[in-house]
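Chemist: Starting from the known structure of chain A, arrange chain B with the ligands on it as the hints suggest.
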Amino acid sequence: MHVTLQRDLTDLSNSVEISSLTVQFGSHTALMDINLTIKSGEFISVIGPNGGGKSTLVRLILGLIQPNIGTIYVFGSKPSDLPSDAFGYVPQIKTADRSFPALPIELVASGLSATWPRKVKGELKEKALDALKTVGAEHLADRPLSRLSGGELQRIYLARSIVRNPKILILDEPATGFDSTAEMDLNKTIENIHKVSDTTIIMVTHDWESAFHHSDRVAVLNKNLICCDTPDSAFSEDALRVAFGHIGHTHEMLFGAKHHH
Amino acid sequence: MQEIINILQMPFIQRALIAGIVVGFLGSFYAAFVVQRRMSFLGDGLAHSAFGGIALGLLIGTEPMWIALPATVIVALAITWLKEKTELGSDTAIGIFFAVSMALGIIFLSLKKNYSVDAFTYLFGSILMVQAADLYASIILAVVTILISARYWHRWAYATFDTELAKSDRHNVRFDDYLLSVMIALTIVFSIKLVGIVLIAAYLVIPAAASRLISRTFYSMTVLSIIFGITASVAGLFLSVIFDLPSGAVIILTQAFIFFLALIYSRLRK
Ligand SMILES: Nc1ncnc2c1ncn2[C@@H]1O[C@H](COP(=O)(O)OP(=O)(O)O)[C@@H](O)[C@H]1O
Ligand SMILES: [Mg+2]
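Line by line, the protein sequences give chains A and B.
Note that the first sequence covers residues 2 to 262 in my numbering.
Note that the second sequence covers residues 8 to 277 in my numbering.
Hints are computed from structural coordinates only; laboratory data are not their basis.
Any given hint might turn out to be false.
Claimed, not checked - Some, not all, of what chain B presents toward chain A, calculated at C-beta under 7 Å:
#, residue
1, Gln21
2, Ala164
3, Tyr165
4, Asp169
5, Thr170
6, Glu171
7, Arg223
8, Met228
Quick reminder that beta carbons are idealized off the backbone N, C-alpha and C, glycines included.
Isolated chain A, as found in the complex (with noise of 0.2 Å):
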């Protein structure tokens, strides 16, 4: 009966609700008393200092961890229930073992699978090389993983996020290893993902400039939200001073990210 009531109330148009949410590890609270609603199709920037909470987060929507306290939904359901396809998730710390043999365009193909394939070939493979494509790495395809630098490696990882065409893309600073011009194509391509989907987008970064200009909503996280709200709002003095306490950086960083084009 309860869970029924919860979701009579979960508006469908939103991809993620989460109320009075507060996560802990331990005796550390890593997250806490959070409510965020982010809609289907919306682009949301994540930044915020170091060990704020944004992969906990990212991770608490992908159904890897539960919350202690509050609730989270995802397209109205517990995210843990959603089968693994709705999501497309380029993790932050690369727990890979980068001596495995294997080819970039298996790592791809594991998106469709959702498992290690055995053989890429066929649809597998199209499909596959499609994505790598449109990610700038179809010349990688068949280059051992454990040649590639940090950077090529993210954008497999990228390509193999797309792959399945994600109802939510989950990317968590994505632009790791990332020369500019890297950094650029990667915001070109989300930018068109945006553009041309109704895939909800959550990206961790801490480009601020990509941030300002790209995404709808910026969300600033230190355990609090500190707020979720327009970039021009979001990148505000009190919001980053809340957020990383010392104004004089920031203030650089952001008179950067506004002005500068």
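Modeler: Only chain B with the ligands this time, still in chain A's reference frame:
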């Protein structure tokens, strides 16, 4: 040629061949995961835990396998648990059990008179004196391995590469890890009676190490490892009969020779 046909007609050789192929398959299939997950020490550790169990069995005079089987499975679970719950690396967790099991085994054996002959059999095996019942047990395990690998090869491979991705695709990585450890423990226990502790530990490392050198994908690494393992069993067995040398030792050297060839091939290809 006639000589080989004559050798092949001897029942003990036929049983040894089947044992070599079955153990070669089991050991070198799981070896792909053991090597890629850097658990090479696990084979050694578990094999020596089995030794502790066998020694206890010999001491109290029951079939040693009935003690070795649960002992080894429990140690495999304990090692996996220690690795998961503490900051200790698996090598450290294994090292602890390795040493304790050996110490217990030696104490158990010292309490029993005339221990050395029996214990020697278990350490180095006697593939030429295989019992039919032991053979059936390992054949059943090989069939079970083939059946579950249809599903679990993919999952184990996925989590070997990136646990975070495997978890995000709703795989129960914890359960899968425990299952893999138990299957490796069973492989070791069922193989010890056939080929001995030293040889099964070699199967769990060398064929996959050789195939890792020349494989671009994990699937080909797995397949080549199995091919290398079985080839080493068959070739090593024939060589040991022809030259009248200890079969287990010759099989290990054959594996090492294949590893050496793979190493040369991988260098030349670059
Ligand atoms: N699995 C975990 N166990 C214990 N503490 C954790 C775990 N994951 C994250 N934390 C802690 O929670 C806090 C937030 O971490 P995280 O979400 O990774 O921050 P961010 O991604 O913003 O840098 C940090 O203090 C981190 O140490
Ligand atoms: Mg993080």
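Chemist: Is the interface hint satisfied for Ala164 (chain B)? The criterion is a beta-carbon contact with chain A at less than 7 Å.
Modeler: holds, 4 Å
Chemist: Would the hint on Glu171 (chain B) be counted as holding, given a Cβ-Cβ threshold of 7 Å to chain A?
Modeler: holds, 5 Å
Chemist: For the restraint on Tyr165 (chain B), tell me whether the closest CB of chain A is nearer than 7 Å.
Modeler: holds, 4 Å
Chemist: Holds or violated: Thr170 (chain B) as interface residue toward chain A, Cβ cutoff 7 Å?
Modeler: Status holds, d = 5 Å.
Chemist: Please check whether Arg223 (chain B) passes as an interface residue: C-beta within 7 Å of a C-beta belonging to chain A.
Modeler: The hint holds - Arg223 (chain B) has a Cβ within 7 Å of chain A, the shortest such distance being about 6 Å.
Chemist: Taking 7 Å as the limit, does the beta-carbon of Gln21 (chain B) come near enough to a beta-carbon in chain A?
Modeler: violated, 33 Å
Chemist: For the restraint on Met228 (chain B), tell me whether the closest CB of chain A is nearer than 7 Å.
Modeler: holds, 5 Å
Chemist: Given Asp169 (chain B) as an interface hint, is the shortest Cβ-Cβ distance to chain A below 7 Å?
Modeler: With a minimum Cβ separation of about 4 Å from chain A (threshold 7 Å), the hint on Asp169 (chain B) holds.
The structure fails hint 1 only (numbered hints given earlier).
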